[in-house]
Amino acid sequence: MSVESTPNQNQQSALMAVLASFWFEFRQNKGALYGLVFIGILAFVAIFADLITPYDPVEQYRDVLKMPPVWAEGGSWTHIFGTDALGRDQLSRMIYGSRYSFYIGSIVIFFCLTIGIVLGLIAAFNRGFIENLIMRLMDIILAFPSLLMALALVAILGPSLENAMIAIAVVFIPHFVRLTRAQALSELGKDYVSSSKSMGASTWRLMFINVLPNCMAPLIVQATMSFSSAILDAAALGFLGMGAQPPSPEWGTMLADSRQYILSDPWMMGIPGLAILFTVLSINLIGDGLRDALDPKMKTAKS
Amino acid sequence: MFSFLFRRVLVLIPTYIGITLAAFAFIHVIPGDPILIMAGERGLPPEKYAELMHAFGYDQPLWKQYLDYIGQLLQGDFGNSFVTGRPVLEEFFELFPATLELSFFALFFALLIGIPAGIYAAVRRGTIFDHSLMTISLTGFSMPLFWWALLLIVFFSGYLGWTPVSGRISALYFFDTPTGFMLIDSLLSDEEGAFKSAVMHLILPAVALGTIPMATFARQSRSAMLETLSEDFIKTARAKGLSPFKVTMAHAFRNALIPIVTVIGLSVGVLLGGAILTETIFSWPGIGKWMVDSIFRRDYPVVQGGLILIATIVIIVNLTVDMLYGIIDPRIRKKGH
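Listed in order, the protein sequences are those of chains A and B. Numbered by this note's numbering, the letters in the first sequence go through residues 9 to 311 in order. Numbered by this note's numbering, the letters in the second sequence go through residues 8 to 344 in order.
It cannot be assumed that every hint is accurate.
As the list claims (entries may be wrong) - What the simulated footprint calls covered on chain B by chain A, stretch by stretch (three residues with Cβ under 8 Å from a Cβ of chain A suffice, anywhere in the stretch; the number is not a length):
#1 22-28
#2 112-125
#3 174-185
#4 280-290
#5 315-321
Claimed, not checked - Derived DEER-like restraints, expressed as beta-carbon distance ranges:
#6 B:Lys253 <-> A:Ala209: 53 to 61 Å
#7 B:Met256 <-> A:Pro221: 41 to 49 Å
#8 A:Asn140 <-> B:Phe63: 49 to 57 Å
#9 A:Gln268 <-> B:Phe13: 47 to 55 Å
#10 B:Val328 <-> A:Val66: 42 to 50 Å
#11 A:Val126 <-> B:Asp40: 32 to 40 Å
#12 B:Asp40 <-> A:Thr122: 29 to 37 Å
It should be emphasised that the hints constitute simulated quantities derived from the structure, not laboratory data. Glycine included, C-beta positions come from ideal geometry on N, C-alpha and C.
Here chain B stands alone, though its shape is the one from the complex (with noise of 0.2 Å):
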């Protein structure tokens, strides 16, 4: 497990080297100086601009720039925000907690029903229940999600009027946020209905990010389900005398798992691009807003952190999805592909 683990970073280091190339380059290929822009409006004098030329290193030849860069990123230093002036690093952590409970719970509502959805379909395979499925998770695959949100948004909170309409938390509510997960920190907080307010507020958000994956992962898990379940060792395991729930759960599920998994782990990249729209659409302070609001804002070191941070959580969690391959199917892990 070791070595494989081992192999898989080793072929990571050059893509690594490259995003940081990419973001490296992102500030030099934009238009404008990026110190006329920290400048803002009113503009500098030329012997003040010189001073900051030098301060950041930008009158140095390109290659250096790029080493400087490097080190600095090696040593945890992501630059500051244009804008605030903070550092990239700290904002992200601050912000990050907003998106992953986002995430986590768009990923949760999507398992949890597409997943069974999908396997009942394969088991009843031509049924109204099969076809239904498969036209509502086709549309929900179509669907763009921007326009998702604000349907939802119509509903839910104009219409019916049960959930509010942007944020994570009432303005009602002060409580320190030691966690930065609302649902955990609102619990923590002595506030009366706090944590009632934090789900009514995560809930159509979550709903909304949630539903593309879950049409992917009914479609995905009723084929998967359906090449397992038309194999010779399923027969053998019916012909043993295992009851029907056995043989779909411990016999065709199981094996049917793999490119289930590789779909789940494809979906984080999908959940963080939708938690963009997402969380500009329901004003989330996340991590997806903060990097549209920065684009517009040209907050470029922000960005340039920021498109690294992002890549890295991509490639972690691509990582960890070929490790749970070698945890559910040896095979891969002895061939080591």
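Isolated chain A, as found in the complex (with noise of 0.2 Å):
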């Protein structure tokens, strides 16, 4: 038994010390900490749907239609944020709509960072007619309006949440292989790659143990803006009638509902507008402070 610190335990602190640096960095945001902030309580909110809400999601409660929120006139506290006009509780809806962009968000920031690394990757270590195949597959998929292809991609699946879900990540793929290869190319003319390569490493050793988490900190950044992106598009689909279907309280959807009452009963779309908005802004300013603290480089660009 020694008193010095074995490698795995100087491996672990000197994680904890890159960890602390970034949080030191991070900290400096303000914007950072309040999206933060919002997006921790919106998650304790989906987490506990099941505990905090005062209603069914799906129950029409036929007594009380269009009941407006309870600041406005002819609001009442049993339903705070009022009701939809098959009278079901707005509130309710808007707590189980939150696991919804959290779902959403998840699965296809997952798909895109697990496809556009793998792809990114390929494509940087066989260049030549590989990685022409590859690049040229995504400059197909960015020619078109992203919402278009992925309209079009649901019209072929079928209108439903999971496919809404493939479609987006089919159409954000592209951004983060060109991102995996830009870094990774630049990355394989350092030194200690070529070491490793001399030492005998093999192919997947360099790309995944070697190349990748030093290209990991844009990636980070991709991966939280796509999130919001993918919560607004999932939204834009589920709007156009093309994502989650009814009754499903997703929020986008709860909008689409709402549309025929906007002149009459405008507070019924100003709740779920207000909580995307939020939402998405909340995800983009910690984005930004992910990117202050990750790229020194690019902060003093930024701010």
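If you follow the hints, you should be able to join the two separate chains into one complex; please do so.
Dropping the structure here:
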């Protein structure tokens, strides 16, 4: 038993130091902190939705149709955010809707990161035909406006929330492939890669153990920004009737439901819209903070 | 310049073949038989079905169908709409001016406000103006476009009653539309008040569609200006005793143009995508609404042809942006990248 730390402990404390310095940088950005707090609260609400919702989100209370929220005239504390045209409790629907946002964002980002990183690394490690094939394929996807491409894909797959997420992931993947490839190419020319190669490291090892960790910073920022874009696009698809299907309390679908009442009961579309705006804004603020903290070079240019 | 352009176009050929392949694949992977969709609810007798299959070439092997399809495209034949029976290309050119008019004014609005605001924020860095502009633009950047459009309708059409809710012009006016651009056509017509009606119909959708690009332009021109303002040649220009205005505009802004032109080019895709939502909400008869309606009506030749035509526009715009780089910065042209 020696007092000196083992290599493993050394690694751990090095990781702690990196995290600490990251947190120090991130904390400097006030907006990012506000964003983090909002998303934290939203995550809490989403996780404990079953416990905190006052009503079932799809239960229709037929005697209180289109009740205004509590602060408006005619509102009541029984339904704080009021009820929709079918008498469903808006607050409960909003709370359950937050689950959809996290679900959509996480699944889309998971697919974008895994597929994007693998394709990007393959392109960077196989210059020539394979690289060209992958990159031209990505060009084709990028030639279509993303929402149109997503709409066409949903038309093929059939309208549902899961298919909308697949379509959104497909549309976002090219950005991840391009970013991974560009990062990997700039890393490949560095000495540590050649030395690892000369020591007989396999391509897999070079790809995922040597190169990939050094490409992660911009990918994390891109993933954060895409998380918010995924929520926006899924809401837009839901709004067009091509995303989550009624009666699911997804925020975009709720907006679509409230559309015919915008002039008579504008509060009905105000609440889900505000929720989408604040969620997306918070994630974008966190993304800005991450970029500043992870990439000091960009900070001088950005702020 | 010519060889620069030539190289750029050459690279596009495989991409373009891919685009036609994707659009071709669309009609074959979509669930449902296109002939049966065309026939509608009543269905078809088998011999008529076989006849139509043959007439449309669906009984041929796939590669033959694709080659025929390319042959038709090269002759400008994009097929006919299942619903109206009219050629897709004809419908496209009829509706495209509406989208162009809307996108042009949205872009105009975005540039007019976004870029000066971004430049001013960079020059007055750290002031209240700078901070509020960045907050506003980040909010605009995070705004769900369809919700923003609805908010504008609630406030300006519902509450204030200033603007109409939908369409391009009031139904009271009837006149020829030789150009397809409502502002021009209404001016050419002798109808009293037609031009004003067209303007009032255009304002709200153009503002809704232009808001997100505006936020992007403000952010991008601010950060591009900040970068160039810290360069040595700006110090030199200042030391020479040039006026602050001249330093900002002639020296800094010109060098900040490359990233700004890039975002403007990229925003065309954003505008066309946004036009889908904006046109649907404002019942604006352009190609965005046309595509959404066709997807819902399962009018697949329109979707297929529309995909290719819209991708063509995006590609042409990207090419133009590439050429603009060459004009703004001769170094790029010489390197050939």
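Verification of the hints:
1. Three residues within the 8 Å Cβ limit are the bar, and the region 22-28 of chain B against chain A gives 3, so the coverage statement holds.
2. Check result for the region 112-125 of chain B against chain A: violated, 0 residues qualifying (beta carbon to beta carbon below 8 Å, three or more required).
3. Counting residues of the region 174-185 of chain B whose CB lies closer than 8 Å to any CB of chain A gives 0, which falls below the minimum of 3, so the coverage claim is violated.
4. Residues of the region 280-290 of chain B with a Cβ under 8 Å from some Cβ of chain A number 5, which satisfies the need for three, so the listed coverage holds.
5. Counting residues of the region 315-321 of chain B whose CB lies closer than 8 Å to any CB of chain A gives 3, so the stated coverage by that chain holds, three being the minimum.
6. Remark: the range hint 53 to 61 Å for B:Lys253 to A:Ala209 is upheld by a beta-carbon distance near 56 Å.
7. Checking the proposed 41 to 49 Å range against B:Met256 and A:Pro221 shows it holds: the Cβ atoms sit about 44 Å from each other.
8. Checked against the given bound of 49 to 57 Å, the beta carbons of A:Asn140 and B:Phe63, roughly 34 Å apart, lie outside it.
9. In this structure the supplied range 47 to 55 Å holds for A:Gln268 paired with B:Phe13, their Cβ-Cβ distance being about 54 Å.
10. For the pair B:Val328 and A:Val66, the supplied restraint of 42 to 50 Å holds, since their beta-carbon distance comes to about 48 Å.
11. Roughly 36 Å separates the CB atoms of A:Val126 and B:Asp40, a value that falls within the hinted 32 to 40 Å.
12. The hint said 29 to 37 Å for the Cβ distance between B:Asp40 and A:Thr122, and at roughly 35 Å that hint holds.
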